[in-house]
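Now that you have both chains on their own, put them together as the hints suggest.
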Amino acid sequence: MIEIKDLHKSYQMGINSLHVLKGINFNVNEGELVSIMGSSGSGKSTLLNILGMLDEADSGSYFLDNIPIKNLNEKIAARYRNKFLGFIFQSFNLINYKNALDNVAMPLYYQGIKRKERTDKALHYLEKVGLADWATHLPNELSGGQKQRVAIARALASEPKVLLADEPTGALDTKTSYEVMDLIQGINDEGKTILIVTHEEDIAHMTKRIVNLKDGLIIDDGIVEQVRANSYV
Amino acid sequence: MFNIERWQEIFETIRKNKLRTFLTGLSVASGIFILVILLGVGQGMQNGIAEEFEGDASNSIWVWTRPTSVEYKGMNPGRFFSMTNEDFDFIHKTNEDVIEYESSRVRIWNATISYKKESGSYRIEGVFPGFQFIENQSMVSGRFINQNDIDEKGKIVTLGRKVKEALFKNGEDPIGKYVKLNDIPFKVVGVYTDKGGEREEEQVSIPSTTAQQVFNRGQNINNLSYTLKPEKDFETAVAKSEEFVASITRYLKNKHVIAPTDDRAIGIGNSLEQAKRFYSLIFMIKAFFWWVGVCTIIAGVVGVSNIMLIIVKERTKEIGIRKAIGALPSSIIGMILHEAIFVTAIAGFTGLIFGLILLEIVGPMVKTDFISNPSVNFNIAITTVFILIIAGALAGFFPAWRAAKIKPIVALRDE
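As given, the protein sequences belong to chains A and B, one line each in that order. Residue numbers for the first sequence, in the working numbering: 927 to 1159. Residue numbers for the second sequence, in the working numbering: -16 to 398.
Worth flagging that the hints you see were computed from the coordinates, not collected in a lab. Just so it is clear, the structure is predicted and the values come from calculations on it, not from any experiment. Heads up, a few of these hints could be off.
What the hints assert, rightly or not - Straight line, CA to CA, 20 Å or less: simulated SDA-like cross-link-like pairs of lysine to any residue:
1) B:K390 <-> A:E982
2) B:K1 <-> A:N1022
3) B:K160 <-> B:E148
4) A:K1040 <-> B:S314
5) A:K1024 <-> B:A394
6) B:K300 <-> A:Q1016
7) A:K1024 <-> B:R247
8) B:K(-1) <-> A:E1067
9) B:K(-1) <-> A:R1041
10) B:K388 <-> A:E1000
11) B:K390 <-> A:Y1036
12) A:K996 <-> B:K388
13) A:K1024 <-> B:E297
14) B:K(-1) <-> A:E982
15) A:K1024 <-> B:E148
16) A:K1001 <-> B:R(-11)
17) A:K1040 <-> B:G317
18) B:K1 <-> A:R1041
19) A:K1040 <-> B:E(-12)
20) B:K300 <-> A:P1065
Pulled out of the complex, with its shape left as it was, chain B reads as follows (with noise of 0.2 Å):
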């Protein structure tokens, strides 16, 4: 490998058959160019799809409630009924080990907020403080909503972006200032935005007490919302929140009376399961970039091949003629090994260097919803570099043994 007179015999080799190298060449560096492109574009589907999933916290739970589906004990389908605080207290001290955050919603459609001369129509959320983590909602000024305005039942509003647009028009500082909902004056404490789209912004969130007081809710609620604690891998996680939103079906059917066969009573929206959904495929889109690198990596390989057999097969009479001046069988195999290796190795990180080039290029241009940031792993495109060059010295390597054997008296017969 480190013989210098075998060095100068194959980089004159080489440079005597341009065209052949070039050849042996292109194909591997389009084949490797290929791989490190799909590979980028996978790893960038993964980060378009991870990206769009990131408005939520990706392992939250909502419980809301429809009118019941099923007959039992008397009570006729299409029941309606409503969670009250005592479920949420309930499902607080039963699964406090696994809830990160929680909250529990009173919704109040379509009400008016105005303040001055503007005026609009909102949602309002009644709410508690692990709402913001629950909605990754984050705060562009003031605070969100706290224990303290939960257990004083307070008249203050954290705004939505929207809605802080629409009502405070000249850039005016809404924090201290009293909006009106539905005529009632509730003091501003706070502005967030949410990454989850301007609909999460076309809201403004009270303490749940609060909304319940104030708009004649008694104790009833409409929602539950919550994120469990993070567990060290997706597959727990999955298991765990399964498990959660089993126990709280379980404990709210009995509850309010509900048909264990009842499936329609109470909606559970598990973004987990979402998650899982998406998770597998991206690890179908990622398998599947694979397989068409692999099938790029094995055309690549049988190009490789197919280009040492025409190049041994054409210089089965100059192996001859070396043969028959004295070159020993292992010379040969050497001779050609060496310069397939060469030649496989050079083009290879020829393909993979211009592939890398391109990704960083071209990658922070793209801009759609769902490819972002393509890159590849670089140990991986080392590492089929590697198999290719391996791959490539294989298939030299049983031409050349054939050639070595040929008798020189046959190699050198006159056509």
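This is chain A alone, in the form it adopts within the complex (with noise of 0.2 Å):
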């Protein structure tokens, strides 16, 4: 589903180069649950960006199901993220003035799906993230954990290839992130694939695949047991 070949990314800071990510080698499967793993710095989230098209990387190769990422205008690269991708963010990112219904329902407006539609298949992820009865609450009535699901329901409704979560637990309580790794192991459940980026150890290991990073590079990447999450709650 993702290959990356040799992957460099830098950043220029003044007159300083910071070399970022030197040359990472990086495949996932389809139905793969991945998390990468690293200490702040690693270029964890500079990697996700990169194949999230939020960020281009200077060189190297990225195929996303067989196709070539690279030179993407503005465009493109949006048609791409609303078709093959979905996002989980840290700090949710919903828009505030717009309900939950209507915030899951974002991706599949610039889809250009009719509204009637856009609803129904809105509702229809609120209800697989057990929100169905908050659809109509704006994201300040909700709670750190409904935002989180909200989000994962607005990544899951334009039925992206690949959902991508940079630290979808970060903000959240320890039982509040075993809930959302639930869902997310629900969701890897029917096939999906998922990438995690997180700097806690429990969180890595409810996932298949833990790949570490450190200062740019891949220092290790190995199957690991899968830990349920409603094993704790």
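Rendered as structure tokens:
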């Protein structure tokens, strides 16, 4: 599903150049649940941003579902993001003047789907994350865990090939974190490919594979025994 | 523009962000409102001044004589002279093609006019039929002096409204009655009013020829009055009247042996020249109001731009989110512009309508000499609304464009 070869990225910090990714080689197959770990500054968020087409690599190749992701202009990047990717952020990034349902329906708006169908689909995904009763609530009327679940529903709504989660539990307490992970595991069970960036060991062990980054290089990449989140709840 | 989904999205955004929308709208609406009021007052001033001028026909010319001031051909300065019927006839003959109405005037100051027991001291004007039009007198009853009266030197008189009121106390109809002008009976044939003011109604008119005969003026006249034929535009009219004035001055100076350099001997009043000054005053006033109006519009545009900048700044994160979930840059720009244009258009027309309503209600109540019937050219008002809408769109475009270019990763970065 994802093929990355020799990916390099550096940032210009004044006169100094900061080499963040120093040649990443990395494949993800369909249906995998991968966590990317590393201390802050290891380059894990940069990697995720490149995977998410929010940022572009300096060199190296990136194939998503056998499509080369290269020299994207804004327009194509936007279309690919909309078609292929679903984002889950640490700070949820919901639009605060839209209710849960409208937030979930938004990627569908940009797919050009009619209002009626949009609402039906959005409601379906809200049901899936267990928030159908909260459809008309604004984000600030929801708890952190609920917000993240709305965000997950939104990420799912566009039926993407890959879900990218940047510290999805970073702003949540342990119990809520496990609930969210339980949901993510459930989605993965249905066959969705999911990448999670995290620095929490316990969260990482709830995935099926852990990739360890350090100073811009993969130092460790292995399959792990998945811990089911519902065993904690 | 006619994408129903887009409209729903815009309406939702507007409904959820009432304060922001209100502030944008307020600056636009007040800008247009002030402009409409200013233009209205400007127009009102123009109307007011125009009305002040309606008193006399606005292209009239008066000629009178004064003692000479320059020694010429052996004659001392300070010499009195008088125009005669011959002058009047000559000017008539030589300028027939430009003159519309003409009248010589023989003036008798402070004549005693009496009817039965009532009497008073008034001015008598010995005039020609054209005088009625030159002075813009309108007949309340009866008729004015006609050519027949001139030819026959008829002892008839038309009374100013004030004179009639003073002499004919209890509503008696003066037509056909005889009044005495310095003890000479004249038959009243008409009563007139004059918008030029009460002073012009405190006089009576008799045929010029009669005045010369009855009051021993010989061939002398005090005064010449003319109005000129209307021209196709104001500038031509002014040029023609100046030419006319120059020609009669030349003739009179030559005829009465007056130095060409003597500027005092012949007095000339040219209302067109005055009108020209007033028109340029009106022009200045209008220009001033336009200037203030344009400044108001600029202030409005700056206000709208400011608010648009703040809105876009405030929405940076939202834009980042929208882009992350697949919004095209063009749809971001479209969204912001669409909203900006919609809000400025609604607000602009609201301001316009309120301004027009205020002018409509308050306008007729304003009763000063210099403002009358303030109103505004609807086309101009509409045009300014569109200018403001376009300006709002432009003002919104650049921040929107910049926002659409922000990478979502930058917009989404936690502060």
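Hint-by-hint comparison with the structure:
no., hint, verdict
1, B:K390 <-> A:E982, "10 Å, holds"
2, B:K1 <-> A:N1022, "14 Å, holds"
3, B:K160 <-> B:E148, "14 Å, holds"
4, A:K1040 <-> B:S314, "16 Å, holds"
5, A:K1024 <-> B:A394, "19 Å, holds"
6, B:K300 <-> A:Q1016, "14 Å, holds"
7, A:K1024 <-> B:R247, "85 Å, violated"
8, B:K(-1) <-> A:E1067, "15 Å, holds"
9, B:K(-1) <-> A:R1041, "18 Å, holds"
10, B:K388 <-> A:E1000, "8 Å, holds"
11, B:K390 <-> A:Y1036, "18 Å, holds"
12, A:K996 <-> B:K388, "18 Å, holds"
13, A:K1024 <-> B:E297, "15 Å, holds"
14, B:K(-1) <-> A:E982, "35 Å, violated"
15, A:K1024 <-> B:E148, "81 Å, violated"
16, A:K1001 <-> B:R(-11), "18 Å, holds"
17, A:K1040 <-> B:G317, "18 Å, holds"
18, B:K1 <-> A:R1041, "23 Å, violated"
19, A:K1040 <-> B:E(-12), "8 Å, holds"
20, B:K300 <-> A:P1065, "15 Å, holds"
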